[in-house]
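Undergrad: The chain contents come next:
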Amino acid sequence: MTYILNNPDVILRLTGQHLYMTLTALVISLAIALPLSLLLLRSERLANGVLGLLGVLYTIPSIALLILLLPVFGLNQKSVIVALIIYTQVILVRNMVVGMKGVPAYILEAAKGVGMSGWQSWRRVQLPLAMPVIIAGLRIAIIVAIAIATIGAKFGAGGLGTLLFDGIAQNRYDKIVAGSVVVVLVAILLNRLLITAERHYQKRHGS
Amino acid sequence: MSAIRFENVSKQFANVGHTAVADATFAVAEGSFVVLLGPSGCGKTTLLKMVNRLIEPTSGVIYLDGQDSRAVDATTLRRQIGYVIQQIGLFPHMTVAENVAIVPDLLKWSKEDIAARVDEMLALVDLPPAQYRDRYPAQLSGGQQQRVGVARALAGDPKVILMDEPFGAVDAITRIGLQDALLQLQRRLHKTILFVTHDVEEALRLADKMVVMKDGRVHQYDTPFNILKNPANDFVRELVGADDMVRQLGLIRVEAAMQPLPPDFTHNGQPTIPQDSSLRQALSLLLGDGVTTLVVTDGAEPVGVLTLRQIQRYRE
Ligand SMILES: Nc1ncnc2c1ncn2[C@@H]1O[C@H](COP(=O)(O)OP(=O)(O)OP(=O)(O)O)[C@@H](O)[C@H]1O
Ligand SMILES: [Mg+2]
Numbered sequence: 001m002t003y004i005l006n007n008p009d010v011i012l013r014l015t016g017q018h019l020y021m022t023l024t025a026l027v028i029s030l031a032i033a034l035p036l037s038l039l040l041l042r043s044e045r046l047a048n049g050v051l052g053l054l055g056v057l058y059t060i061p062s063i064a065l066l067i068l069l070l071p072v073f074g075l076n077q078k079s080v081i082v083a084l085i086i087y088t089q090v091i092l093v094r095n096m097v098v099g100m101k102g103v104p105a106y107i108l109e110a111a112k113g114v115g116m117s118g119w120q121s122w123r124r125v126q127l128p129l130a131m132p133v134i135i136a137g138l139r140i141a142i143i144v145a146i147a148i149a150t151i152g153a154k155f156g157a158g159g160l161g162t163l164l165f166d167g168i169a170q171n172r173y174d175k176i177v178a179g180s181v182v183v184v185l186v187a188i189l190l191n192r193l194l195i196t197a198e199r200h201y202q203k204r205h206g207s
Numbered sequence: 001m002s003a004i005r006f007e008n009v010s011k012q013f014a015n016v017g018h019t020a021v022a023d024a025t026f027a028v029a030e031g032s033f034v035v036l037l038g039p040s041g042c043g044k045t046t047l048l049k050m051v052n053r054l055i056e057p058t059s060g061v062i063y064l065d066g067q068d069s070r071a072v073d074a075t076t077l078r079r080q081i082g083y084v085i086q087q088i089g090l091f092p093h094m095t096v097a098e099n100v101a102i103v104p105d106l107l108k109w110s111k112e113d114i115a116a117r118v119d120e121m122l123a124l125v126d127l128p129p130a131q132y133r134d135r136y137p138a139q140l141s142g143g144q145q146q147r148v149g150v151a152r153a154l155a156g157d158p159k160v161i162l163m164d165e166p167f168g169a170v171d172a173i174t175r176i177g178l179q180d181a182l183l184q185l186q187r188r189l190h191k192t193i194l195f196v197t198h199d200v201e202e203a204l205r206l207a208d209k210m211v212v213m214k215d216g217r218v219h220q221y222d223t224p225f226n227i228l229k230n231p232a233n234d235f236v237r238e239l240v241g242a243d244d245m246v247r248q249l250g251l252i253r254v255e256a257a258m259q260p261l262p263p264d265f266t267h268n269g270q271p272t273i274p275q276d277s278s279l280r281q282a283l284s285l286l287l288g289d290g291v292t293t294l295v296v297t298d299g300a301e302p303v304g305v306l307t308l309r310q311i312q313r314y315r316e
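For the protein sequence lines, the chains are A and B, in the order given. Oh and the first sequence: position 133 is 133 in the numbering used here, straight run, nothing missing. Oh and the second sequence: position 280 is 280 in the numbering used here, straight run, nothing missing.
If you are wondering where the hints come from, they were derived from the structure by calculation, not from laboratory data. Keep in mind that this is a model prediction, so the values were computed, not measured. Watch out, some of these pointers could steer you wrong.
Stated by the list, open to error - Derived DSS-like pairs: lysine-lysine, alpha-carbon spacing no greater than 27 Å straight-line:
#1 B:Lys229 to B:Lys111
#2 B:Lys214 to B:Lys229
#3 B:Lys209 to B:Lys191
#4 B:Lys108 to A:Lys112
#5 B:Lys229 to B:Lys159
#6 B:Lys191 to B:Lys159
#7 B:Lys229 to A:Lys112
#8 B:Lys191 to A:Lys112
#9 B:Lys159 to A:Lys112
#10 B:Lys229 to B:Lys209
#11 B:Lys108 to B:Lys159
#12 B:Lys111 to B:Lys159
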């Protein structure tokens, strides 16, 4: 604890790096997952294939995946961000597909029947109804990303993992504790934020 | 000109052996209430959905106001046709007001016009706007949801309204209340309504004319009274219960069978019945009260008398 209080600048810098990696990865991951899930909605077989493949990627240990990525992206944040995108993809896509498929066909037919175009029906009916499930996926993805990003320190990407690895190397117990505490705090904070958003959508269902 | 005209309309779904709708030809007059009646799977929903092009016919043409319905863009067409689907289909994430506002909003009405229209529609279906506007569908009873469904279908002021078993999912009492409300609405609004049901009583109660269907074919298209009097075949006879006297009496108004007041008429305690009630209601009152004569009234004014003998005679 005293380490955090005595080195606010270090903590701030590392937290900044950590958040930068995590959030950049999530934004890109979302941007890929959204069109991908819309495509998968069109074909059950394609969906099973792609989700299966993403699921397999998810099971690769993070150190192994990073080592595989290094030759392509270099010993820096890029490799870590790409790894995070790969890991979060399956979570985001699966929740988007499940969420949008979960909207009953008759509701979508009602949307069509009142004269909504395909885009209007998606934007005004299907997406908002899928939102709680999508946000739930985002919550899991963020926690996974924050956790995996700590390993980035080993690969020249900085972030809060630096404290953990330095602490281990230097036998500095205070650094290890400081790193762990801040990682957990960041995770809890972002999670809280998304729970609030989820509540907002659920309240709109009147349930 | 007919509001809706079906001309040799057929629908054959891909990979399905039988024809869902086979060669339907009939015309629906503007402002009339037409009920599609038939057993489950006979093609009622399919026929209905071809009107707003949720399903495209395999062959044949549907004319709306004399115009081939394919001449208009499908979304534009649907915004001009009210639609109540079989499962109600309110949008659960929108308030009652937002649900009712959908079509006016798609038609790009102004905010003020939409707000006024929503309140007007809710009042029309007997849901006080101040109380219901901001509720979500999950916070309404089944019957109230049905009313919102009807309000949503009416909101864009369509001339034609399609209703697919709109009262299918509510209990018998609520259902009769909703039917009454719909009949009252129709007396004021004079919409052209296509209404699907497989409930014979509901059909007889609501219809100006009935389309009786089986296996995709239209077996008879006529007024309820004519169908009960002269069913086209054994299927229709059995489906509508044409041999059920009481059912037929339900379609004849008291004033058609009553006798004028005798000159020496004095009203001493006989039960009264309004002249636009059915003979079935009259019969029930006669039997229930154990009397021989009813006094028929127009408002509070006695206008005639009705006896069991006259009801029997009218049957023949
Ligand atoms: N999308 C579809 N694809 C294939 N067949 C269909 C489709 N929709 C309906 N059918 C078939 O067409 C026939 C008529 O169905 P339809 O839904 O019009 O019946 P219905 O009279 O409305 O029945 P219900 O009273 O049960 O609602 C049925 O045999 C049904 O299985
Ligand atoms: Mg149906």
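Undergrad: If a hint holds in the structure, say so; if it doesn't, say that too.
TA: These are the hints, each one checked on the structure:
This hinted pair does not check out: Lys229 of chain B and Lys111 of chain B have alpha carbons roughly 52 Å apart, beyond 27 Å. A C-alpha spacing of about 19 Å is found between Lys214 of chain B and Lys229 of chain B, which places the hinted pair at or below 27 Å, so the restraint holds. Between the alpha carbons of Lys209 of chain B and Lys191 of chain B the distance comes to roughly 14 Å, so the proposed pair stays at or under 27 Å and holds. With a C-alpha separation of about 17 Å, the suggested pair Lys108 of chain B and Lys112 of chain A falls inside the 27 Å cut-off, and the hint holds.
Distance hint between Lys229 of chain B and Lys159 of chain B is unfulfilled; the C-alpha atoms sit about 31 Å from each other, more than 27 Å. As the CA atoms of Lys191 of chain B and Lys159 of chain B are separated by approximately 5 Å, the hinted pair is consistent with the 27 Å bound. This hinted pair does not check out: Lys229 of chain B and Lys112 of chain A have alpha carbons roughly 41 Å apart, beyond 27 Å. Among the hinted pairs, Lys191 of chain B with Lys112 of chain A is consistent with the structure: their alpha-carbon atoms are about 22 Å apart, no more than 27 Å.
Under the criterion of a C-alpha separation no larger than 27 Å, the hint pairing Lys159 of chain B with Lys112 of chain A is consistent with the structure, at around 19 Å. Restraint check for Lys229 of chain B and Lys209 of chain B: the C-alpha separation of about 14 Å stays at or below 27 Å, so the hint holds. For the suggested pair Lys108 of chain B and Lys159 of chain B, the alpha carbons sit about 18 Å apart, so the restraint of at most 27 Å is met. For the hint pairing Lys111 of chain B with Lys159 of chain B, the CA-to-CA distance comes to about 23 Å; that is within 27 Å, so the pair holds.
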